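> Here is how the chains run, residue by residue.
2 protein chains.
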Amino acid sequence: MKSCCFRSLFLSPKSVAFVGIPRTSGPGTLNPVDNLKRWEYGGQIHLVHPHVHEIAGLPVARKVAELNGPVDLAVVSTPRESVPGIIRQCGNRGIKAVIVTNQGFAEADSLGKELQKRMLDEAARFGIRILGPNTLGISNAFHRFTSSFMPQDRVETPIGLICQSGLFFVGDNQLVGGMGIAVDIGNACDVGIVDALEWLGNDDKLRVIALHAEEIKGGNRFLEVAESVSRRIPVVALKTGRSVEGGKVAASHTGSMAGDDRIVDAAMKKSGLIRIDETQDQADLVRAFARLPPMRGFRVGVVTLSGAAGIMFLDNMDRYGLKPTRLSPGTIDGIQSLSPDWMRLANPIDVWPAVMKKGMRKAFGTALKALLADPNVDGVICIALALAEAEQGHLGAEEVIRELSEDFDKPVVVWFYGSRGEATAKRFEKYGSPALAVPSMEGGIRVMAAMARYEKWKESRTDG
Amino acid sequence: MKSCCFRSLFLSPKSVAFVGIPRTSGPGTLNPVDNLKRWEYGGQIHLVHPHVHEIAGLPVARKVAELNGPVDLAVVSTPRESVPGIIRQCGNRGIKAVIVTNQGFAEADSLGKELQKRMLDEAARFGIRILGPNTLGISNAFHRFTSSFMPQDRVETPIGLICQSGLFFVGDNQLVGGMGIAVDIGNACDVGIVDALEWLGNDDKLRVIALHAEEIKGGNRFLEVAESVSRRIPVVALKTGRSVEGGKVAASHTGSMAGDDRIVDAAMKKSGLIRIDETQDQADLVRAFARLPPMRGFRVGVVTLSGAAGIMFLDNMDRYGLKPTRLSPGTIDGIQSLSPDWMRLANPIDVWPAVMKKGMRKAFGTALKALLADPNVDGVICIALALAEAEQGHLGAEEVIRELSEDFDKPVVVWFYGSRGEATAKRFEKYGSPALAVPSMEGGIRVMAAMARYEKWKESRTDG
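Protein sequences appear in the order of chains Z and Y.
Under this note's numbering, residues 1 to 464 are what the first sequence spells out, in order.
Under this note's numbering, residues 1 to 464 are what the second sequence spells out, in order.
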């Protein structure tokens, strides 16, 4: 069976069988059927349990062999010793795609290694492909399907996730606002990063992929696929286990061999993967790619309510690879004429004195519009206030940022500072701004620099 | 007059006169009297305006000379050309402390420089001290006093702030949850960092000081005061204008000369100031010092629901200066016995399999308690889940972390991951946990390393 067939069996199964499932459902039971019901999954749900006749209002079969109708995908959560036998039963039943969720395999002890091997042998006999073990499996918001027993919100974002841990499967929801399609490869005994990249990389509902890997396997095949995906959409990668200690523990977490980090780094760079170091940066960058137009160069214009923030921008500009911006003649004129005579404006543009004279909308809008229109500016960072409701109307720049960022095809990121920073950023997201709110200015600078590097890499590949 | 007398005139004035004030009050007017009323300031409020008889329900004098009764502090917000004259009027009226809020002085142009000089000359004649210009001034939540025209929440935290920008005066409220006492030195034409450090460094209501500086002045005097304060409470410093470009712009922001960054760095290190690079790290560290017991060494224990997070901890441990932790014999036993047989636990302790068997409270609590009790552990990082309300009761570790961190005199930081991360962290703060919720694990690691370095510096000074 071709990889693309497995893709649909795993990512958009028309029917799923849960083998080994909690007897009860509802809060605290971690019953995956609760998620599927909440997500209004349209496919057939089959359940297998040796002792119970009904779970969550659904009939339960005693064995895999007793299941009625076609089954695209089996999700197996039985004790580890039983898994090779269950795989055989799946094979006999004609099931070709299996997710094994439980821990205790190659990452654990010698028996676990042996069981993982036997499970793979059974799978090979029947042409079954296995995702896992040690995984939450798949979630696909577009197909209203998830194999996960962890409670999850369904949000149709253009964000794909490939990870080796529930930390990302569960946690990235907070960081990026929900994944459209997520694949936890767990121990990656069979389905690995290369498969997952192939599956997600060609999905036209996705605009970006977040990757968390403890081990990069597959050699040239990996490099080819990663490059081919990266030419289409960006892959923002957090490779962990980079330290000696971390690498050792990765072996006992997912049975991974972390590999020499310098080699990994070079390979990732060559294939266009965007490597970042911190979870927050990964999240910011993923959200940026999901929402913003491309950053076509390294020159950033800044509109700020605070001179101090402008200085902080300059301190960090070089450091993260942005370039000084020479504004075109005329760009500064409009905002200069709104500012006090004693003020000589430059980029970053401190609009506070103009705001005091002319109001937020007029002053902030004039500067932002001029920067966005300037061909010497590739993207804009806004530093704006976030105050309590009563004052935000007068001193808020949300609306004018939203409007202007819609009118121009350049990325805009905003850092809201002040007592209501988080709340204002959330509201800004909710109203569907094309601009991106970031939790720190330094983070915003890193986002813009990484976006520009990605475009540059893409260009280098198009020319060649 | 001694510095300590000026301290009380500026930080806890019994009476304040606003010279130059908006004619109207209420949202959008940025009238500082609104803040004082909301804060229930107990002192006398005087207002001076040439054309209006009543503002915000208070009587208004035409001139400084016409003010009745004693005036501890004048807050001057008149056009720059008028300021030297106003200072003279203040001198004649016996006012010894003045805050000048407006911009357009040494940071602006040659006229501004001249005006700043004339203002200082007038002040010198009368023995007046000036804070500013180009400042929001002072806020002191304990005294219910603020000179700021920017809307502000009053929160009595043990956090002091010394800054050169409204960015921090207004913005740190979000980042640290409010400052107990804040001093914006603005252009620092007279009152500078050294004075502010002396004023705040000896205040026993404060446990930590956040410092933002564009210029460090004062040579040996600065070093002495900084060291003396640092011996008592930590000072977490963000020195900006470190880049060549940033330094140039600092000169036009607050008229500061940023100075050679390597010299600044060495001076800060010697005097015990804790230098950080990013606003979010400053905020995390300030909150940590405000709340947590001291970190007496570099050995961190980790309780995690995710093996991947444990690996990420190890990747970052070295990098930020923490040391590997050899747990004492027996520390692991309790949680080992709750885990599956195939699992061999070590630090970081992955408790997820034990949670699946024994529930969150039992498993997480057993591991956390053992780490906190281990003399080979100086502090603990918890990596915990943050899910929707219905599930959080079963899978939340908030309560057990709160309880145990109260029982031990060691710092505990928590990273809540999952769809409700921010909300859970906020709730955790609200219930007054002695543990600290951090927005990222990497940030938590940096916090613990910096806390340990500070204790080590303090020890080095006590021995000497």
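Just so you know, these hints were derived from the structure itself, not from any lab.
Among the clues, some could well be false.
For identical chains, the list gives no copy identity; a pair is met inside one copy or between any two copies.
Stated by the list, open to error - Cut-off 25 Å, straight-line C-alpha distance, at most; resulting in silico cross-link-like pairs (SDA-like, lysine to any residue):
(1) K14 with R361
(2) K270 with P340
(3) K358 with G259
(4) K430 with A390
(5) K270 with R221
(6) K248 with Q336
(7) K362 with S25
(8) K426 with R154
(9) K357 with G28
As the structure is a prediction and not an experimental result, all values here were calculated from the model.
> State for each hint whether it applies.
Status of the hints after comparison with the structure:
1. K14 with R361: Neither: 52 Å inside a copy, 38 Å across copies.
2. K270 with P340: neither (50 Å within a copy, 42 Å between copies)
3. K358 with G259: neither (59 Å within a copy, 35 Å between copies)
4. K430 with A390: both (20 Å within a copy, 24 Å between copies)
5. K270 with R221: within (13 Å within a copy, 53 Å between copies)
6. K248 with Q336: Intra 58 Å, inter 20 Å, cutoff 25 Å: inter-copy only.
7. K362 with S25: Answer is between; shortest inter-copy Cα gap is 22 Å, intra-copy 56 Å.
8. K426 with R154: both (18 Å within a copy, 23 Å between copies)
9. K357 with G28: Close across copies (13 Å), not inside one copy (57 Å); limit 25 Å.
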